[in-house]
Amino acid sequence: MPALLLLPILPLLAAAVILVGSPAKRRRRGAYGVLALASAFALAVAALAIVASRGPLTVRFYEAAASAGLALPLGFHVDRLGALMMVLVSGVAAIIYRYSLNYMYQDAGYGRFLALIGVTTSVLLCMVASANLVMLFVCWQLLSYLLALLAHNLAHPATAAGARKTFRFLRAGDAAFLAGIALAYSLYGTIEFETLFARVAATPITLSPFPGIEVSGATAVALLVFVGAMSKSAQFPVHVWLPHSLYAPTPVHALLHAGIINAGGFLLNRLAPLYAQSPTTLHVAFVVGLATAILGASLMLIQNDIKKTLGYSTIGQMGYMVMECGLGAFALAVFHLIAHGLFKASVFLNCGDVIHQARREPALPGGHGSAPGGGEFLRLTWATGFFTTLLMPLLVLLVAHGALRIPLFHHQGASIFLFFIWVTSSQAILTLTRLRFVASWKVSGAMLATLVVVVFTYLFAAERFTEFLYPDKDAVAAYFAAAALPGPIFDGLVGMTTLLVVLGWYYLYAQSRGERMPIPAWLQAARVRLYVLYFDQLYLDELYLRLGRALAGLPARAWRALAGGAS
Amino acid sequence: MTDARTSLLLAAVPLVGAAIGLAWRGDPAAARRWLLLVALATGGVVAWAGTAGYVRGSDFVMAGLLAVGAFAVLLGQPARPGTAAPLLWTAALLAAGVGAAAGDSWPPAARLGVPLGLVASLLFAYRSEAARDPRPAIATAAIGALACLVAGSLPPPASAIALLVAAGTALPLFPLHAAYLGALTVLPGGLAAFVALLLPVVGFQGLAAILPGLPAGSASALEALALAGMAVGSFGALAAPRATAVVAYGTVAFLAIPWWFLAAGQLASGPAAVFAGAAALAASGMLLALGIGQARSVGGGGRHAGGLAAAMPRFGVAFSLLAVAAMGLPPFGVFGGLLGMLLAPDLGWPGGIVAILLTWLAASWYLFDLAQASLFSGKAAPPPGDARPAELAALYIVVAVLAILGVVPAGRLAG
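Chains as they are written, first to last, in the working numbering: chain A, 492 to 1058; chain B, 4 to 418.
Simulated from the structure, these hints should not be mistaken for lab results.
Mixed in with the good hints, there may be bad ones.
[Said to hold, decoys possible] Now the in silico label distances, taken between C-beta atoms and shown as ranges:
(1) A:1018 with B:389: 54 to 60 Å
(2) A:792 with B:316: 41 to 47 Å
(3) A:511 with B:85: 38 to 44 Å
(4) B:50 with A:841: 55 to 61 Å
[Claimed, not checked] Sample of chain A residues at the chain B side, in silico, Cβ under 8 Å:
(5) 632
(6) 633
(7) 669
(8) 673
(9) 1043
No experiment lies behind these values; they were computed from the predicted model shown.
Every residue gets a Cβ at the ideal spot worked out from N, C-alpha and C, and that includes glycine.
Chain B on its own, in the form it takes in the complex (with noise of 0.2 Å):
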């Protein structure tokens, strides 16, 4: 629980920081020093309202996740001409995520809606970059911003179903996954990074608040979804000829998950927090660890562009240990929250766990590959060097983080 001045305060840091760094917007390196500096000072309030005991439990962890994430992406992003406006909607986002993780005063519509509407905003900016059609994606942000605008004017159980359908839109659960590939594969690089941990955080977030609130009988409903979600997911990855797709698609087979099990009955639990947190940084990580590959990268964006690991063997040993922890293996937070899931009391033995293990093991498969063409594979150019030590900071940050949640118990992070 989080009162109502803190979460101001927590958004508030972020906000005014990117507000500020407005002032270097033609100089990106300096705007890139004081955001980091931003996301350092939010990292320490919430350090500081999470040991003063004004934020406690999933709010606290997720918090923490956006801003060690948000000062990863920062770090690990080049400070190029014209690459100023994405950092300072990162902080912009941060301020969205950390307002919306720790808020739990505030109505679940403004919680959900403020990040998704920026999320749709972003989409239709950065459409003429896209590889891709972007408008299902923007569509879906949209509607996932709308439902959270019209939820308040609803009565219930029809309020609750709007959210449900913002949530769906955050947290992606199929149908509606299109905004958050949408938003990994068309933002620019460090954008996509930061996004694919924000939404899945505030989704996971507002849908704890939600949940009590929903229809009876809408359980199996999700549940299929979500089983539609892992299988959509994970062919998707397996069939993406992109290396951002195969993680986009990954991803969202796996943040199906803890929409099963809660639609199975199992509320918003340590376990599944965990893993819906490291699941999302996972994905941040590795989208920002193909950015640094790929930018110096002959062939990059390419599934097969690689041969990494000979010129860049620093970089090599970061990108393997991502790539470990996305795919579930221990001793990361998405093995250790899949874990605290599987092994919850009371969850029985139905199909779902079936469906669970076997995209637990198509990770291992499209995610492997992915490493190996990544790092193994000859067929681009030697990259002229190494990653730089602020790029292999932000990476080993992100690892770091993913093993702190996959040691310490969910019931002390998240309980």
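Okay, chain A solo, but in the shape it has when bound (with noise of 0.2 Å):
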């Protein structure tokens, strides 16, 4: 137990070794820093081994009782989902540490950097440890302001600015998830987790907040925890912060997009319980989810930029993520946060390698050499990815359906485990058919390969990954149950992204064989006045600009009104 407490102190030893003593020799110090990281890793990587085996490590420093009269209710509990975070962010963090050292050497704040760092793993890791709401809270309010921080070079005015949008936004969820946690308290007496979910679960509560609208206190406190999770995941409309902070240094971006951004799938899953006694919320969750997903994927399609185009790539992931916590497929959601974050922060820290061989390289970006099959329509490619992505997942759902008697269309769960397998893969599949310069027959076999990779990873966060997340089937069950959409909505929302894969497909079709789909013109001109919405970033940074101007004057008009005058 006491090596439990040693996890988040490792990362500030790191950060210690960076500020203590000579600062030319801080490179070499920075050794002592990597270690630390990596043995935080290693006991993180105990933990989890420890959590699994015998269950969750809890350590309290205050009474429960009492602990409303803390300021800093310092406890921790480490259960699975709390351990697995651990590893992620412990791992991450020391990849970036040790990047960091070679990568920002002689920046003029390379001691600051890599001590910020480090006091944001130890915040993280304590956050993803938080034994009780109002501990998750301090370090998740201190992750605000060091992502300000960690922009870096705040001399610079467009990274200044961007700081400043970051710390805003990110504020404005804050002071929403402190009213979640002040409302639970004042409804529900209690801070702790385990209790905050039994008194819920117990005591149906109605608030009235407005004449002739009642709204269960339960859903009172989650609606006002998930705006929290929303900016800090940076979900539609509070995601525009994500974008302006890009002029961060690349490693940050590592550790933003596979650790910081994560907290909002954190905080959703740690609250699940909660989730699961308001259905309202999972809605709006489903629903933002899946407009930021739309937004982040569409957005990314026309940046220039590749730093851009990676964080409204997260933006889109982040969506799904949320997405996925709204369908009730909590574990799910934690699967994808791992999986997202890992290949992010891989390829953030690859970024800026791309960026230096494409200066030096004319010959790159590729894509200009003749391929095999003459560009021309690939016969076998495009039966492959049609047989894969439409006709297979047909017949394994009227086999699962009609010859093993599994009533898929009963649960919701399972449909939407099938249903994310199946548009996965597709979206996949529909990618490696732009795979011209290569052999057909080799990217049938990449479609082969990755539908047999998706069915299995699925299977695994569906079966596996979720019963160790959450062992309690019945609490699955309950999720998926609190989730579930109103029939006619489910089955259109399904109806409409199946016509889309196999438009998708037609669409694939007519282009590979030289023809031209039959687009009307009002959606021809739809689709030009989509793209320039979308280049303009639907102009919600004007309206925000615009929104924060009116702001702005109305405290110097309404101030000279009260107070008689500016000082």
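Grab the two chains, each in its own frame, and use the hints to assemble them into the complex.
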């Protein structure tokens, strides 16, 4: 147990070794910092093994009954979710710290930057291991500030403006989160997770914030906390801070996209039993996540800057993750955030190198050579894709539903997993059809391999991983039940997405044969307008700017009226 | 509860120290050294009285804060020619403040009247140095002091209302906040920094004494004034063109929060005391830091004068920490007190909490801007060097006390 307490201390040591001592020897001392973070990672892995075999570890430095009287009720509760996040955070942080030792070398703020990486890692570890809502919130807020500081070169006006925007949007979310905590304490009298969940389940409370409008206590609390999660995980419409934070050094993005931005998904998972009591909030999460996923993916497609492309991709992925929570698939969301975090951290750490290579090598980026097939219609590629994406899933469904009598259509949870498998593999396979410079049989092989990987990954996420994170099967069923969408809406969404995938194949087929899709003129015009709209980020930045200016002007006018003049 | 002899002793140490310090009024450096010893001695007496049980609860916290605040302000002030008077006044105000904070055996009129009278006199004395019209500030402080004078001759509840006016002047409550604003923007650097702490402390302590005697029905009026104070303070801070005014208005907004909390029937509890003390101390530290930065900055005084982080990195770290504490981030006392108030039992979920959260959120807006502009905007010429060790020590003392207020349970500190 005492070793558990070392986990957040070790990254602080990594910060201290950089700050204390001669600046000339910082890089050499950094090796000890790497060692400290690597030790934290090893400890996190050990904690995960212990937690998996013996159950949660809890250390509280306060009396649970008197926790609300404390400004900082220090305590750690490491369950499987917390331990898993600790492994992710400490592992990624150790790599980023090591990477930054060289990457940031000779930068004016070298020491400060590395120290901040250490402190941020420590705060992240404390957050995922928090024993109560207040400690989680304390760490949550510190992350908001640290993220603004990690922008690093604040003397650069655009970086400073980005840091300001980041801090403001995150603080707005923090205020909503704090309101949620105050309301939760006011209604249920506790800040302890387990006690709160038990009281929410046992004591239905109805609030009437406005005449004629009634809302359950659980929904009010869950919605307020969800706003906090939205801001940290860059959900629409408060996602605008993320693209503006991209002036920060590359290692910060790796940490941001692999760790900090996942805080929203972690929070939703940590409070899953609370969300299970509030179907309304889950539906709101689904809608927000869906909108963010569509927006992020669409905006990503029209960026001409590699960092912004990756930033919008992350927004889309975060939307996907929140959407999964909104559908009750909490474990799937955690699986997603880990996979995405690892992927995006490696991509960010590599993107600086790619840019550097592209600047040095005139032939890069490639893609101007001739294809083995001459860019012609590749029958084998198309047939494999069509079979794996459309025919095989249909066969599997028919066999499962008809021959094996598995009642797929009565359980949205099972349908959701199957549907995600299908959409993910379709997306990957559709992308593979763009490989025109590789032999057709190789592309077909890659498609089949992709399908196998996606199916097995999702099966693992659906079965083993869900069982690992949420061993209580009844709880998992309750989450899906709470998140269940009304039948017609669910069917409509499934139908619409199916149609989009089929149309995607039709479009590809037509394009491959050199034919044009018969698109109505109004749709073509709308496409152009949409492109312009997305190119300007839906004018959301301008909207917030105008709103900000109006708000900034309002105090001046009101202040003059109330106080009689400016000082 | 503090007996009369202990509070007399507490007030006597700095008062006698200030009187002896007059001997060095021509030598500010020597006067500063002596007064630092006086502040240390006052702190020692407060600690002794607290350990021995003569001063307890919020009396102990507030008296201790004043002693530490005075020490930090004296330490952080440069001893240039002509600065002996502000130094000596700081010690005299410490005497009035410590006596008032720990003197609950004294009548509330005396506890509030003496500090307010002294501040009114100082505002009058320094009126010619004011960048803005000092008359509203002088008038409001004088009204507060006069209200204390007449309170003794009035029958209840009129006497309680007169004292409420005095408390509203000290712990700034709209529309009586002009005295506090004036004190922070008119008085010279170190003196303003100490008054920023002194007035809210004596106001809070005075308020705690007069709350039980207030007429029924005054609570809703106080709640409305507190909400107006939060709005005026936040709007003022967002619109203020000068750094000191940003801090002054921001503190007015924050100090309206304990008014609302007390008016909502929560009495003078530990979290409210911690919040009021921490917000006032954070303001004091910010003013002290701004004074240190502006003394070296060509564009001193302007909201966007800055670029200090590159040339004054150590000062930059201390200033950042103070700004973090002042805007209500953990692990400092402002956040601890706020959280304690929000989690108070039976507070309910009134709209006032939304206003409190908006006030808290607004601070992240204007104080973050202020800190960023002061530290990173490159408009000012680079200062000659980093802050002196004594100045840094003063700032870190304030930061450390704010951290202690944030971590130690409010109930144990001021219960």
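Hints versus structure:
no. : hint                          : verdict
1   : A:1018 with B:389: 54 to 60 Å : holds (59 Å)
2   : A:792 with B:316: 41 to 47 Å  : holds (43 Å)
3   : A:511 with B:85: 38 to 44 Å   : holds (41 Å)
4   : B:50 with A:841: 55 to 61 Å   : holds (58 Å)
5   : 632                           : holds (6 Å)
6   : 633                           : holds (6 Å)
7   : 669                           : holds (6 Å)
8   : 673                           : holds (4 Å)
9   : 1043                          : holds (7 Å)
This entry satisfies every hint, going by the numbered hints stated previously.
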